[in-house]
Every structure is written in C-alpha cells, then in structure tokens.
Amino acid sequence: MKIRFLTLLACALACLTGCDKPADSSSSAPSSDTKSKGTIGVSLLTLDNPFFKVIGDNIAAEARKHGYETIVVSGDKDPAKQGNQVKDFIVKKVSAIVLSPCDSKAIVPVIQEANAAGIPVFTVDIPCNEPGVKIVTQVATDNYAGGKGAAQAMIEALGEAGGKVAVLAFKQAESCILRVKGFREVIDAHNASGKAKIEIVAELESGGAKDVGFKAAEDALQAHADLRGIFAINDPAALGARAATEKAGKTQIVIVGFDGQPEGKQAIKDGKIFADPIQFPDKMGVQIVDAIIRHSKGETLPPQMLIPTSLYKKADALKDPELK
3 MKIRFLTLLA
13 CALACLTGCD
23 KPADSSSSAP
33 SSDTKSKGTI
43 GVSLLTLDNP
53 FFKVIGDNIA
63 AEARKHGYET
73 IVVSGDKDPA
83 KQGNQVKDFI
93 VKKVSAIVLS
103 PCDSKAIVPV
113 IQEANAAGIP
123 VFTVDIPCNE
133 PGVKIVTQVA
143 TDNYAGGKGA
153 AQAMIEALGE
163 AGGKVAVLAF
173 KQAESCILRV
183 KGFREVIDAH
193 NASGKAKIEI
203 VAELESGGAK
213 DVGFKAAEDA
223 LQAHADLRGI
233 FAINDPAALG
243 ARAATEKAGK
253 TQIVIVGFDG
263 QPEGKQAIKD
273 GKIFADPIQF
283 PDKMGVQIVD
293 AIIRHSKGET
303 LPPQMLIPTS
313 LYKKADALKD
323 PELK
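According to the working numbering, the sequence shown is numbered sequentially starting from 3.
Treat the hints with caution; some may be incorrect.
Below 27 Å or equal to it, Euclidean Cα-Cα: the simulated DSS-like pairs (lysine-lysine) are [claimed, not checked]: (1) 326 with 183; (2) 55 with 326; (3) 217 with 315; (4) 83 with 55; (5) 39 with 285; (6) 183 with 285; (7) 315 with 199; (8) 285 with 316.
Because the hints were derived from the structure by calculation, they are not lab data.
Using the sequences and the accompanying hints, generate a full structural model.
Next comes the structure, spelled out in structure tokens:
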C-alpha cells in the first residue's frame, strides 16, 4: 500500500508540474480568486515566428484579466494538424476559437464543425474569407495598405533609375497575398505615370521563413544579375534575402520587409533592410479578446477590424530605445 501511495503521489506531482504538456502549446488560467468564465482555444499559424508568439502571449494575458483560460497551440503551417487542433477545441467545448489559418481553404470543414457546435470562431492576422463559414470578425493588420506602403518605400529607395525587383511571397497565407497585391498595384501605378520603370521580374515562394527566403533570393539573383530590389512579405524572409545578397556580394540591393520584429528593426538600423511597414501584434492580441467579450454580450461586430501599419525606416530605428 505504501508503494502504491508513493506511485500515486509521484503521478499527481507530475501532472501539477505539467510534464505532459505538448511542446507546441501553452495555456493560461485566471488567478485563483477569479472564477473562470470559460476557455478560449487559439491555433496560430506558427509559434516559431516571434510575431505570432506575441499575438498568443497577448491573447493569454488579456483573457486572464477578464477571467478566461486559454489554450494556445501552433499549427506549424500544417493544415491537417491545425484541423485536429480545432477538433480538439470542439471536444473540449471551448467558449471561443481563434485562428490564424495555415490554409484558408483547407480549414473550412473544421470551422463548419465549430459553427455547427455553436462555438464562435474569430480569425486573427490571417483571414478566412471562404464561402460557407461563419467568422464573427477578423482582427488583422491592414495588409493591403501595408503592401502599398512597402511599394512606396521601394520607389523611394530605387529613385530615378528604377530597376528590376523580385517579390518573396507566401501564397499559403491570405494576409501575405494582400501585401503583394498592394505592392503590385502601387508599382503598376508608378510605372503608368511615366516615371522610371520598376519591373517585377520574379515572384518566388519564401515560406515566410529565413531559410526558404534565402534560397528564393539566391534563385532571383542567379536569374537576374542586375536585380536592384527585393520585397519580402515578412522579416524572416527579408533577413534570408539579406543573407543571400551578402553571400553574393550584392549588398547594394534594396530590401524592403514587413512586420517590424526586433531583428528586422535592428537590420533597418544597421542598414541591411531599407524599411518595414510594421505591424502591432500586441494590439491584435488584445483586440481579439475584446471582440470575444463584446460578442459574448450580444454585440454585433463588423466583419473585420483592421489595424494600420506604420512605415519604419532608419530614422525611426536610430530613435528606437529598444535597439542596440
């Protein structure tokens, strides 16, 4: 009996210390003196990218203030894995589900399952605008306008000479598709005005990651020896592009990124990236929780709530107290 008691005690301690918690998830609960109002299930595109980590952390912190527990997991850019995570949220009967879809089309069936179960679904950063699903609201950066800002920065940097530009895209995420759309539209309008032509000679897949962005930039440099600029849809891809230009000895190539992560801002200060339309993932996390609470009280929300970007350049970086 003594041995059995010690075994049970060890198991209980193991549960309390969270040894069995999955590596790609985190959870938070209200303080002990606050009665839980429910659980918010959050599945983000990835937690490897600091941008999404900030969103997840702010959702958890804000939810805790309002008496909600949270489960934050990483979809790891895998639609099947994310689908299973949503199914798990449904089984757990969470109060709300927050998604940044790994694939906006592939996620449709499980969102429909959540709809059928009566669980409200919200999207953050990456929308799901597919037919047949009910999304309460989308909280996101104004990615389309941000893409336009990136194009304006590229036009400024290339000056009167213009030149050839490559785009490092991420077609799996609708937010990144919007960035490229805005970028292309401004470049097209610039060219139509009769000013020095900026020619988009390649649109390559970056995966939104440094290693894939590096390879994509290498391919662009090999195909276009006279390349003058690269627009990358996020900071990891932009930093990968910078590494490729350094390896090729072509550091004069202008790189415009997107996000405003600390590493990206530091690269702007160091002159390695020209500019970023910066996002505010902390605001997105707070606003999505506010939307959940407002919806729970019966308030009708707009289909989307967009947070403007701000163009961040070297002058901003030199005044930034958070940088080295």
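27 Å Cα cutoff - pair residue 285, residue 316: Measuring from Cα to Cα gives roughly 23 Å; hence the hint holds.
Sort out whether residue 55 lies within 27 Å of residue 83, counting only the CA atoms. 18 Å, holds
Need the status of pair residue 183, residue 285: alpha-carbon distance at most 27 Å? Between residue 183 and residue 285 the Cα gap is close to 24 Å, so the pair holds against 27 Å.
Does the alpha-carbon distance linking residue 326 and residue 183 stay inside the 27 Å limit? With Cα atoms ~34 Å apart, residue 326 and residue 183 exceed 27 Å; violated.
Just to be careful, I want the Cα atoms of residue 315 and residue 199 compared with a cutoff of 27 Å; is the pair within it? Between residue 315 and residue 199 the Cα gap is close to 23 Å, so the pair holds against 27 Å.
Holds or violated: are the alpha carbons of residue 39 and residue 285 at most 27 Å from each other? 22 Å, holds
Would you check the hint for residue 55 and residue 326, treating anything up to 27 Å between C-alpha atoms as holding? Answer holds: residue 55 to residue 326 is near 22 Å, not above 27 Å.
Run the distance test for residue 217 versus residue 315: straight-line Cα separation, threshold 27 Å. 25 Å, holds
Checked against the numbered hints listed earlier, the structure breaks hint 1 alone; every other hint is satisfied.
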